[in-house]
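Letter 112 of the sequence shown, counting from 1, is numbered 135 in the working numbering, and no numbers are missing.
Note that these hints are calculated values from the structure, not bench results. Careful: at least some of the hints might be erroneous.
Result set (EDC-like, lysine to aspartate or glutamate): computed pairs, CA atoms no more than 16 angstroms apart in a straight line [to be verified]:
(1) K128 with E177
(2) K128 with D69
(3) K128 with D178
(4) K148 with E164
Since we're looking at a predicted model, the values are computed, not measured.
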Amino acid sequence: MRTLVVYESMFGNTRHVADAIARGLESAGTVTTVPVTRAGDEDLSDYDLVMVGGPTHVHGMSRESTRRGAVETAHKPNSAVTLEPDAESEGIREWLDSLPPSHGKAVAFDTRADAPPLLTGRASKGICRKLRLRGFDLVAESESFLVDKESRLEDGEESRAEQWGRTLARQVSSTHA
């Protein structure tokens with residue numbers, strides 16, 4: 024099974040989650056992990072599964088204004104976060120909007136504040152909607168990975184992401200065979 028993991032990350036949390044999911048998925052085959060800024064170079068039809076994830080900003084996927092806000096946060100004096108190299112580029116929302124109609128299997132994930140989804144929203148909800156609109160079949164429920172008030176991944180979230188990747192590998196490869 025060939026899997027593509029596409030992610031958008033502001034402060035590194037979603038990148039760490041994407042890498043952990045990829046480690047878990049490797050038990051089922053080849054995994055390619057790319058930031059969204061390089062996803063346009065990939066032919067999605069080459070993959071059996073496309074995983075897409077991003078940070079939750081203002082109840083949904085990031086947009087230009089929320090990415091600007093992340094940049095401002097990272098540049099504040101005594102900021103505890105470091106900006107990812109591609110953080111100021113277009114994000115998952117724009118990439119998904121640019122995709123031609125397609126088909127295939129997909130799964131979404133996000134990172135969000137450690138609070139009830141009703142309060143935080145979930146970027147994965149919008150990612151799922153856009154994937155379906157592009158013709159993808161969602162083969163698993165989306166998953167959220169939690170960050171604390173200082174925008175750091177909660178303890179155990181990377182391990183949970185890797186385990187989720189292993190679970191998805193078993194689930195999808197059994198339907199792929």
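These are the hints, each one checked on the structure:
1. K128 with E177: Distance ~29 angstroms between K128 and E177 Cα, so the pair is violated.
2. K128 with D69: holds, 12 angstroms
3. K128 with D178: With a Cα-Cα distance of about 30 angstroms, the restraint between K128 and D178 is violated, given a limit of 16 angstroms.
4. K148 with E164: Distance ~10 angstroms between K148 and E164 Cα, so the pair holds.
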